[in-house]
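Next come the chains, spelled out residue by residue.
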Amino acid sequence: MSEARYDVVIIGGGPGGYVAAIRAAQLGMKVACVEKRGALGGTCLNVGCIPSKALLHSSERFAEAKQHFAEQGIQVGELKLDLAKMMARKEKVVRGLTKGIEFLFKKNKVDYVPGTGSIPKPGAVAVELLDGGSAMLRTENTIIATGSEPMSLPGLEFDEERILTSTGALELKQVPGHLIVVGAGVIGLELGSVWSRLGAKVTVLEFFDHILPGMDREIGAQAQRVLKKQGLEFKLSSKVTGAKRTKSGVSVTFEPTQGGEPSELKADAVLVAIGRRPYTEGLGLEKLGVRTDERGVIQVDGRFQTSVPGVYAIGDCIPGPMLAHKAEEDGIVCVEMLAGQSGHVDYDRVPTVVYTWPEIAGVGKTEEQLKEEGIEYRVGVFPFQANSRGRATGDTDGLVKILADAQTDRVLGVHILGPIAGDLVMEAVVAMEFGASAGDLARTVHHHPGMGEAVREAALAVHGRPIHI
Amino acid sequence: MAVDIVVPNLGESITEATVATWLKKPGEAVAADEVVLELETDKATLEIPAPAGGVLSAILVQEGEDVEVGATLGRIEERAGEAVSTAAPEPAAAAESKPRLSAAPKREREVPAPATTPASAPAPAAVSVPSGLDPAAVPRSGPGGTVTLTDLQAFFEKASRDAVERSGPAVRKLIADHGLDPAQIPASGRDGRVTKEDVLSFLSAGAAPAGPAPAAPTAPAARPARPAPVPARVPIGERREERVRMTRLRRTIAARLKEAQNTAAILTTFNEVDMSAVIELRNRYRELFEEKHGVRLGFMSFFVKALVGALREMPQVNASLEGDEIVYKYYYDIGIAVSTDAGLKVPVIRDADQKSFARLEREIADLATRARDGSLTLEEMEGGTFSITNGGVFGSLLSTPILNPPQSAILGLHKIEERAVVVDGEIVVRPMMYLAMSYDHRLIDGRESVTFLVRLKELIENPDRLMLDV
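Just so you know, the sequences run in chain order A and B. For the record, in the first sequence the residue sitting at position 413 is 413 according to the working numbering, with numbers rising by one throughout. For the record, in the second sequence the residue sitting at position 22 is 491 according to the working numbering, with numbers rising by one throughout.
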């Protein structure tokens with residue numbers, strides 16, 4: 001058994017872990033990153049954000065050709081789907097990016113240790129190496145960045161054939177005739193969109209009476225209308241109680257959340273996308289004495305330190321939104337503080353993006369949160385219907401909504417349903433980092449014609465003076 | 470009635486201070502015990518609270534001027550308890566009350582943009598209160614909707630916090646990294662925002678004159694109609710120099726060091742020590758020690774322990790001269806020199822002879838951290854009987870430290886380096902460190918100083934002797 005000494009050992013090579021590793025190396029620390037998947041990049045690169053974005057892009061092109069070319073005067077012959085090729089392209093994208101991180105590790109002299117890590121005691125990380133054997137890494141600091149895994153529903157055991165996690169839903173060999181999606185959150189809507197565009201009938205079952213729980217309700221309601229128009233069917237306030245595999249598919253039972261007669265729905269497959277939970281199995285946290293809450297979320301202090309000195313945790317396995325970019329920022333701030341710097345991640349300024357088309361994006365407080373917190377606010381909205389660029393490209397669905405403090409005019413939340421909403425929301429994130437007011441956004445020159453003009457107009461609308469509506 | 474703000478008693482051996490910053494401007498309201506200015510003394514920055522509540526009516530000593538204990542710094546016109554009208558930088562609109570906004574937000578209604586529209590340039594003087602404030606936003610809890618002192622204080626405090634909050638992530642981090650008081654940084658950004666450039670020029674102008682600026686300044690963006698930051702930046706490529714006023718701390722360091730050289734008969738004696746035993750001991754118990762005590766076992770605790778042992782045997786080394794008398798001290802307060810961005814500081818470990826290794830390590834770590842973030846108190850830096858300075862952390866092989874008066878000796882530690890040495894007729898590789906002890910020859914003779922250092926060497930090379938006291 002070999003032994004090596006490090007300043008930091010990071011368990012998990014996802015967006016939180018690998019970014020922390022590179023930043024720590026930049027700061028002059030000796031770093032190792034332990035990853036058991038056999039590829040770096042974590043859920044995000046391998047079975048999450050990246051493959052889903054590849055499929056969302058491909059399927060969107062397919063849907064566009066099918067539905068919108070003709071109206072623009074483009075005639076195509078018979079449109080055919082080559083799913084195997086689409087999947088191969090997705091794989092290639094993933095492989096390229098994960099290899100890219102290995103290169104970045106080499107460049108920054110981060111030791112990549114492929115294997116399963118555990119923490120026998122503070123200051124040590126034991127690794128069962130993927131190619132056999134084991135290693136013991138001595139370290140001043142240990143960072144847990146093991147991420148999360150899909151949550152299952154009682155009565156719906158994953159088999160990745162009929163009852164799918166997001167991972168399975170990214171690797172289907174053929175387009176299902178009917179796909180049921182349990183959960184109208186980010187993952188459900190994205191993967192529902194993919195298969196719907198490729199020809200599947202998609203039914204989304206949601207426990208709450210609205211889609212995208214946690215996001216701004218007005219935006220969610222509009223998004224639901226748009227997605228319905230695209231062919232997704234929604235059954236809200238539906239509690240899924242079980243699923244049975246049948247000879248040819250799966251049968252899902254559900255009942256109204258308020259109580260009532262159960263119904264049954266047959267499909268070729270069901271995707272369970274009701275959320276994710278921290279993945280910390282096998283780390284030895286109980287024995288080590290690392291405190292977690294009842295849902296297994298690791299508790300950390302302002303320095304990301306767990307209840308055990310010298311052991312830190314970042315990303316999906318600690319509180320806060322389960323998002324790659326949040327994990328990255330956790331990782332950077334955590335190692336900078338190890339290097340004696342100061343830092344803080346404000347989770348109120350972490351943007352959320354749903355990569356459907358139109359995209360759905362938001363940052364800061366929702367209107368519901370402001371009401372609940374009793375904060376006086378003003379609202380400005382502007383529809384893409386009145387945006388010239390949107391008209392030119394045919395992307396007229398959606399709106400920009402800006403919430404500003406009624407006293408100070410400070411931007412408190414920005415929510416967008418519309419073309420490139422994910423990119424548009426970034427100007428709001430930067431603005432909010434500088435405590436900008438709606439007036440600041442309104443007085444910032446936006447290029448014409450551009451989708452961004454809708455942001456400016458919404459900011460003007462906060463004060464009741466939009467120009468183009 | 471007017472109440473004077475005077476320089477308080479600053480503690481042992483400090484008679485003079487410099488006015489660093491006035492946090493209030495003449496005409497501004499202050500509450501009793503609210504900090505009105507900061508004094509820099511030899512060793513630390515002191516906050517001077519208002520002796521009474523009221524309005525700051527006069528500033529008698531300007532920033533940068535020296536004052537003696539008991540001098541009058543300024544005057545407060547007492548108006549305690551009374552509701553005052555706003556003394557904000559833009560008081561004109563204070564009484565004007567805006568129509569209250571209804572709780573229910575309305576869309577598409579023409580409402581004048583509140584507060585933050587531009588036009589109001591930031592106040593050019595020391596900005597203790599961010600500019601661009603809306604006087605109408607001051608809370609009014611006094612009788613008949615008047616503004617009370619407390620209202621005003623709360624308002625300004627919040628405004629200062631807000632200005633930082635609105636200054637963006639890079640600035641927030643810089644301010645936190647350097648432990649700066651944001652109210653002292655002149656803000657040139659829109660609506661009172663502090664820009665990164667503001668912080669960098671503030672740092673190079675005085676907060677850390679000794680060290681290089683912590684981050685490379687970014688190319689300043691074009692900002693029309695703002696005064697150039699001080700010191701003015703010169704395009705790269707020109708032969709560049711800049712004049713920066715010494716901080717009080719730097720002036721004190723300069724004066725004290727020269728005083729030591731002028732007064733004492735300084736001589737330095739050298740020796741070298743084989744660190745094998747200490748390193749071996751440390752490696753053997755490092756983890757156990759850390760697990761049990763929650764602090765890393767370093768080399769400093771060994772040296773402090775060994776020093777105390779040697780000082781006990783040679784009391785002259787722990788003594789000082791006062792006039793014609795020699796004062797022998799039978800307590801062991803060891804100063805530890807800490808290099809900080811602001812300059813050298815020497816916090817003191819009291820009664821080092823009575824402390825365990827773990828306690829010593831913990832105190833050293835704590836004092837060093839606080840020396841760097843500037844939170845040491847004056848008392849913590851006063852009255853050491855002997856000092857240690859460790860140039861080894863910067864890679865020094867050998868140097869001659871200067872005394873820290875009135876102490877009579879100082880030990881210089883250096884880097885540990887593997888060197889070929891001869892042991893029992895064989896050339897072997899050993900981790901060696903040079904020791905240097907500077908001492909005041911007026912009080913300590915050559916024989917004593919050499920014996921002292923040899924004794925120290927014996928104790929470090931045989932740490933078991935520390936335990937047995939032999």
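Just so you know, not all the hints are guaranteed correct.
What the hints assert, rightly or not - Derived pair list, reagent style DSS-like, types lysine-lysine, alpha-carbon separation capped at 30 Å:
| # | chain 1 | residue 1 | chain 2 | residue 2 |
| --- | --- | --- | --- | --- |
| 1 | A | LYS173 | A | LYS109 |
| 2 | A | LYS109 | B | LYS642 |
| 3 | A | LYS106 | A | LYS90 |
| 4 | B | LYS798 | B | LYS926 |
| 5 | B | LYS926 | A | LYS30 |
| 6 | A | LYS99 | A | LYS228 |
| 7 | B | LYS494 | B | LYS665 |
| 8 | A | LYS121 | B | LYS926 |
| 9 | B | LYS494 | A | LYS30 |
| 10 | A | LYS80 | A | LYS92 |
| 11 | B | LYS627 | A | LYS371 |
| 12 | B | LYS627 | A | LYS30 |
| 13 | A | LYS239 | A | LYS228 |
| 14 | A | LYS109 | B | LYS884 |
| 15 | A | LYS90 | A | LYS287 |
| 16 | A | LYS99 | A | LYS201 |
| 17 | B | LYS926 | A | LYS287 |
| 18 | A | LYS239 | A | LYS90 |
| 19 | A | LYS107 | B | LYS642 |
| 20 | A | LYS106 | A | LYS36 |
| 21 | A | LYS247 | A | LYS85 |
Hints were generated in silico from the structure; no laboratory data involved.
Tested hints:
no., hint, in the structure
1, LYS173/A to LYS109/A, "violated (39 Å)"
2, LYS109/A to LYS642/B, "holds (27 Å)"
3, LYS106/A to LYS90/A, "holds (25 Å)"
4, LYS798/B to LYS926/B, "holds (23 Å)"
5, LYS926/B to LYS30/A, "violated (33 Å)"
6, LYS99/A to LYS228/A, "violated (39 Å)"
7, LYS494/B to LYS665/B, "holds (25 Å)"
8, LYS121/A to LYS926/B, "violated (37 Å)"
9, LYS494/B to LYS30/A, "violated (51 Å)"
10, LYS80/A to LYS92/A, "holds (21 Å)"
11, LYS627/B to LYS371/A, "holds (23 Å)"
12, LYS627/B to LYS30/A, "violated (42 Å)"
13, LYS239/A to LYS228/A, "holds (20 Å)"
14, LYS109/A to LYS884/B, "holds (27 Å)"
15, LYS90/A to LYS287/A, "violated (40 Å)"
16, LYS99/A to LYS201/A, "violated (36 Å)"
17, LYS926/B to LYS287/A, "violated (44 Å)"
18, LYS239/A to LYS90/A, "violated (33 Å)"
19, LYS107/A to LYS642/B, "holds (27 Å)"
20, LYS106/A to LYS36/A, "holds (18 Å)"
21, LYS247/A to LYS85/A, "holds (29 Å)"
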